[in-house]
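Novice: Sequence:
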Amino acid sequence: ELDKLQRINPMAAEYPVAANYLELMLELPWNETTQDDLDLRRARRILDRDHYGLEKVKDRIIEYLAVLKLKKDMKGPILCLYGPPGVGKTSLGKSIAKALRRKYVRLSLGGVHDEAQIRGHRKTYVGAMPGMIIQNIKKAGSSNPVFVLDEVDKVGSNFRGDPSSALLEVLDPEQNNTFHDNYLEVDYDLSRVLFIATANSLDTIHPALRDRMEIVEINGYTLEEKVEIAKRHLIPKLLREHGLTKEAVRFRKPAIVKVIEGYTRESGVRGLERKLGTIIRKIARAVAMEEEYDKTITAQRVVELLGPELYDKELYQGNKQAGVVTGLAWTPVGGDILFIESSVSRGKGKLTISGQLGDVMKESAMAALSYLRANADRLGIDYRVFDNYDLHIHVPAGAVPKDGPSAGITILTSLASLFTQRKVKAGIAMTGEITLRGKVLPVGGIREKVLAARRAGIKEVILCRKNERDIKEIDEQYLKGLTFKYVDTVDEVLEEALLDEKVANPIEFVVPEKK
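Under my numbering, the first residue of the sequence shown is numbered 3, with each subsequent residue one higher.
Because the hints were derived from the structure by calculation, they are not lab data.
Fair warning: this is a prediction, and the values are worked out from it, not measured in the lab.
Note that the Cβ used here is the ideal one computed from N, Cα and C, for glycine as well.
A couple of the hints might just be wrong.
[As the list claims (entries may be wrong)] Just the calculated beta-carbon pair ranges, DEER-fashion: (1) 62 x 507: 52 to 60 Å; (2) 305 x 352: 24 to 32 Å; (3) 380 x 205: 38 to 46 Å; (4) 283 x 310: 13 to 21 Å; (5) 10 x 65: 18 to 26 Å; (6) 64 x 296: 39 to 47 Å; (7) 305 x 217: 36 to 44 Å; (8) 35 x 358: 53 to 61 Å; (9) 156 x 62: 21 to 29 Å; (10) 296 x 276: 17 to 25 Å.
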């Protein structure tokens, strides 16, 4: 290329193309690396200082550092942090770079549709450039940066090619030491780069690409974690940004809880940061106008500053009525409790299910009713009731779509309570799938569901025995005041959940005699 450049007339069209190519080749950090700081304790301190929680990711980075300390030429791991928005996936990459003392680069893949944006164009095209991977490596000035590939689940594809397929070579530890960029026309070694991909969902990631990455799930934050994040990170940061000192305003813990529960509905903390920012701006206005104001923010003061609450907290509603049982649900913004309601009316055995339920949840209700019909004698239910009464199962709120098999045992308990008119034990909630044989199967989202139960004032939770492993992963401080009953069969559920006592004013089921 240099010989070619010397022979070309500087006025020729090819001259700037060749000159730009040579400049890039000279500017790329072929063998330039930054020295890793292998002090594991310091790295852990930095990770803990910048982010609260996220133990799995922090442990994985410390493990990588430990191996790097023992084996200098180790290939960089390729991690994929996936979880709901606002939990700190992208900012964690910056924190990891700080802990390792490496350069940090970030590439947003959201809306990338052209393969050439990853691999670059051939030099023969007018205005050809290297792909974004090589451009960012050049920007970093080091061949071992922390490289964050943001929103890897939002990569699209069209007639220009599939960027996901181009990323296969970048993110394959066996291939990325010879990454081929169309513009460079020579291989570049990416094996020393620490790639961290982020995603909100794994479903839209190319299966082959997903297979090449080490998936690390980042769960949404619990109420307690959000309170700590607000105290340690968000409030000090917002005070700095608004030119206020620590003495200008003090947030009481109930005030932070009020903001989280009454004004935000999210897994992360972005909405919480915005609401706290609104409160602090109102304080800043009072300071700037030299007005008198109350420096202590209480729960009552939060309502005065932010207006009426936007969200209601679901609370346990008691056990006065037959057929009403508390279930546990998982949503993208965390856990919640839901109420399964069932009622009967004179009819011909018609089943009605309402509450915007998905197919899987409807099938759970049918399985519960079939089990009850098959075991009516054992449960003390007159089997003729099913043919002479219409049954209605409803799951409020009616406008919120719901699906999944985890309400199986809750629906069954609701129906058993309704047909026997027995009271449901006070302060109890449950989640689990059922089979027609009366087995209880494990379900997901246990962490979020259990924490929602505690917030709602539930005292006891019934779970499948196989879900005990999920409870062991939850910090004990979040489980105070809760007891767990692990079951294998529906009979154990009914034994634990139903009392022998009848409800007040029980329904008398009247079955007409056959003529």
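Novice: Any of the earlier hints contradicted here, and which numbers?
Specialist: Of the numbered hints given earlier, those the structure breaks are 2, 5, listed in rising order.
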